[in-house]
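Enquirer: As a plain string of letters, each chain reads:
There are 4 protein chains.
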Amino acid sequence: VDLNGIFPPIPTPFAGDDIDWRGLSSNVTRWGRAGLRGLLVLGTNGEAPFIDAAEAERIIAATRKDLPSDQVIMAGTGHPSTRQTIAATQAAAAAGADVALVVTPFYFKSQMTADALVRHFTEVADRSPIPMLLYNIPPLTGVSLPIPAVVKLAAHPRIIGIKDSSGDVGYVADLVTHTRHIQKGTHPFQILVGVAPNLFAALSVGAHGGILAIANVFPELCVTLHRYVRAGRHADALELQRALTPLARAVTVTYGIPGLKSALDAVGGYVGGSPRLPLLPIGAAQAEEIAQMIERLKPLASTTPASVLNPQTI
Amino acid sequence: VDLNGIFPPIPTPFAGDDIDWRGLSSNVTRWGRAGLRGLLVLGTNGEAPFIDAAEAERIIAATRKDLPSDQVIMAGTGHPSTRQTIAATQAAAAAGADVALVVTPFYFKSQMTADALVRHFTEVADRSPIPMLLYNIPPLTGVSLPIPAVVKLAAHPRIIGIKDSSGDVGYVADLVTHTRHIQKGTHPFQILVGVAPNLFAALSVGAHGGILAIANVFPELCVTLHRYVRAGRHADALELQRALTPLARAVTVTYGIPGLKSALDAVGGYVGGSPRLPLLPIGAAQAEEIAQMIERLKPLASTTPASVLNPQTI
Amino acid sequence: VDLNGIFPPIPTPFAGDDIDWRGLSSNVTRWGRAGLRGLLVLGTNGEAPFIDAAEAERIIAATRKDLPSDQVIMAGTGHPSTRQTIAATQAAAAAGADVALVVTPFYFKSQMTADALVRHFTEVADRSPIPMLLYNIPPLTGVSLPIPAVVKLAAHPRIIGIKDSSGDVGYVADLVTHTRHIQKGTHPFQILVGVAPNLFAALSVGAHGGILAIANVFPELCVTLHRYVRAGRHADALELQRALTPLARAVTVTYGIPGLKSALDAVGGYVGGSPRLPLLPIGAAQAEEIAQMIERLKPLASTTPASVLNPQTI
Amino acid sequence: VDLNGIFPPIPTPFAGDDIDWRGLSSNVTRWGRAGLRGLLVLGTNGEAPFIDAAEAERIIAATRKDLPSDQVIMAGTGHPSTRQTIAATQAAAAAGADVALVVTPFYFKSQMTADALVRHFTEVADRSPIPMLLYNIPPLTGVSLPIPAVVKLAAHPRIIGIKDSSGDVGYVADLVTHTRHIQKGTHPFQILVGVAPNLFAALSVGAHGGILAIANVFPELCVTLHRYVRAGRHADALELQRALTPLARAVTVTYGIPGLKSALDAVGGYVGGSPRLPLLPIGAAQAEEIAQMIERLKPLASTTPASVLNPQTI
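Chains as they are written, first to last, in this note's numbering: chain X, 216 to 529; chain R, 216 to 529; chain E, 216 to 529; chain W, 216 to 529.
Treat the hints as calculated values from the structure; they're not laboratory data. Worth double-checking, as some hints may not be accurate.
Below 27 Å or equal to it, Euclidean Cα-Cα: the simulated BS3-like pairs (lysine-lysine) are [to be verified]:
1) W:Lys399 <-> W:Lys367
2) E:Lys324 <-> X:Lys324
3) W:Lys324 <-> W:Lys367
4) R:Lys399 <-> R:Lys367
5) X:Lys399 <-> X:Lys367
6) X:Lys324 <-> R:Lys324
7) E:Lys324 <-> E:Lys367
8) E:Lys399 <-> E:Lys367
9) X:Lys324 <-> X:Lys367
10) W:Lys324 <-> R:Lys324
11) E:Lys324 <-> W:Lys324
12) R:Lys280 <-> R:Lys324
Since we're looking at a predicted model, the values are computed, not measured.
Just need the whole structure built from these sequences, with the hints factored in.
Expert: Have a look at this one:
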């Protein structure tokens, strides 16, 4: 599976207590035309911990139906226990996911030694019908996956890469240094960054792509940044990075999922809406602040050379 | 519901992939004779996040069957989302739980403002068929429940108390100061401490009882300590505290649930066993260390005056 | 040296760039009549890191002159390096200090292993002309002094006790458990607590006294609390604790030294004033909040039975 | 002052209790031939908090004497209080320093609001005879300098740049974004990174240079990396970064100053030695580990094209 490119971790739209299936479908259809490498469903931004098993399978199946078949569906399947994670991974594969993204377990964070983490990921990979990515996100989990554990796990045939949301570009660089000689079929061990303000820097030190909340809102701009780097147009990539960073922060650390959903409503053409409780919807002042950030980016988005969507011409 | 006294947060024994129902039954029967005020099932020490909904209901029902009817069954029902928590609380009530213990939601910890927490607990309490306790455990969750939010929530007729595992005796003291004038039926708002090394200090500043991992292993000693404090025998209580603290730390912060289960195996008469993955069983050296701590406490346990189990005679 | 009792960590009053020597003198004279066991000069609350060596010696000498000779002068002498600490300790002794309070060095906190800490304190104690207290304050320093290191250091003839400001009553209780059999002349190894909201709890588990910012403002109330505990009047002590806690927090964690100085100005009869830069003076709204807390405590202070100042009659 | 380039934060060699002046002189002479932009004296790596005022002035004067006059001497002058910092800055200027590096004050970290920090730096800059750099190092200080405060301070004529050791490349990128239009004489506001594993990434997002412990040990390799980036040779720069990172971590986060001094002894031609207490010298096993890292880098250092030391030919 080729993961070189940009993936948005898509939010789950709700209509009252239920999922807004129509909204999900129109969102997926639109993302499908944006040059993305694929979508991450049931990530943290999809409110995965609030979604039950039956909903999860249906979300994957619905996304698969609406997304062009050459685009990758990655599904978050991490759960507190190993057995739950295996069950969710198998169910995701059956529903149509191409790749599973498995976060470090963290409920009992002080017991999550390197041995426990290696055991967990190995058990899941052994029973997974599909390729799998590790997911390291210490600011959320309080658990950090040591590089030697990653190297050990990278030897497993079904573990094809890692998403890192540590915020530490040095960690990403170390991942590249220690795994770049590991070949998984036609691809190396693939490294995706999960912190948008670091996208340019992470690609510069050798990451292959990104899974970024802001890619839900301005997918083309994120794709363009990625292609600029691939084409060696570093100055252009850096300018784009600078333009994207403020909104990227607003829809993650500052306002979280309520902010991301508000941004989708503001950009137009997407369905955002409210999160499930205990997340509260964003306040009016914050929504206005996000809307203004989006207005500032729209001209840039509309003038992106069409060529950037065609990797051959950049 | 009278919560004055000691509750062990009982672990869940496993036999292979399934729950060891026979082991659970014999454990509960034994705890039922130890002078405890009741049991907490499906707490963190019960590996609740690893237990599915069907198992959870059956655990509650089985415990109810084996526990004397004057002893309280408290059930952990907190989940990441409000709707999951409501569902789990209603199911727990239907299965026979007397009280629900609801942890602060924490998956999206940076969004858990006082407003979000008050909204969550209120929604759950509104729909709960049984009385409810708040649960504050910042070292696990990264979320701290502010005292003014507790005071506001204490006005809800079904919110009867709080368990605090912050480790901060000053916070417990503040809880007492700010809620002691709030009457819930025949009882005040009740405060239970969840950190055993602080049991004596917390009771001294006005807490009503404790929910303590070590109460699984030496329930009578914990009950005795509580009764000593109630009887004004502070020096005796403090000596008992000093004796219990080392093992109390070993079965919590140091070795976690694997340590607690190992201690149950070592003390004799209880079923401990291994946790579910990703928790790894304890190593032999650690188990030996715990066994030695238990040997040092056994003489004390066997010489506890029978009288302490009779509150009238202490 | 008998440390059973209450010590205020006195602030340093300034007049422009210089120290307000007259203000210091009148403050010390007044504290000298309040039943305190002594004073801590050049602690954190004395803005010690802002005070140069010549000022430090003169502060100690001036305090000694104004304080009754049966009251203890403790001086903070901790510096980043061992040699600076030794020099400051010898200078403090020469200027009239009775006891040195030496904080764990912390500039290079990640290198401060137990071995490094034991070596540092031993080198200082070997060269100190006066008895010495260890000082553990992890919230400020990021360094925690392990109990086994304390036990090892307690064997040194000149290390007579410890001040703990960890905020963890369990740590205080462990200190007592592991050092109470160590006799230093006519006293045991003495334990002073540095967190006022925990004073009652810490005394209950066996601490000998306290070094408390609020004792600058209402010394008699703190002394009374200590004597209530010594007399077994736990309920009275706890009521007093509850009354003192809000102001105790305001003059420490909430508003720091600017808050403490503002409180001295508000209570009347003491000189508070402004701190040295980079500390900014407190704002008017905060000063008003502190003044109101003080007004609420004044009636309590004025009705404290005179008898409490006479340990024989309580 | 042009800061484009690499600065080592030089350690202070000791001979017994005193400074090893001869060792300092030979070290400085050697660094002076390595293509560096200058030296930082009295930084954290110089054990500045352990150095008294008289020693500090003499270190600056001695370094000035031995360093070619076109190379910059930057001196750490931050102290806990504003007045001490002003005094140290004036003394450093008098002794021959070209630029002062002033760390955020942090002793009372919870009071270090943006207002307090802006006030402090402004007071110091107003009274500084020489240009000044801000210094942000949250992992050591617990204080983070907000970007808007930096922008405000960058308007001061004598504040010419900032050193950032946050470890967050996103923060460096934000600094560039928000200050790149600010012109200070012939240079923009200059940004130096203090975390060697991030050197390549930080330069890629627009930083101007670095102040790096490893630049004491292999100055030429760091200079080469910087020049590769300036010449657009990104792949070469990245390879060099990967080679340097392990040793860079060993002489900072892993083994600290004792590790850095050990590395200087191992690389040959420099004087390292032991730190002052409470820092302990490095153990033999750790020294051996560092020595092996150095052996692996030596071939690379010896084959660095001579041309890289000549910016015109790279």
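Enquirer: Among the hints numbered above, which are violated by the structure, and what are their numbers in rising order?
Expert: 12
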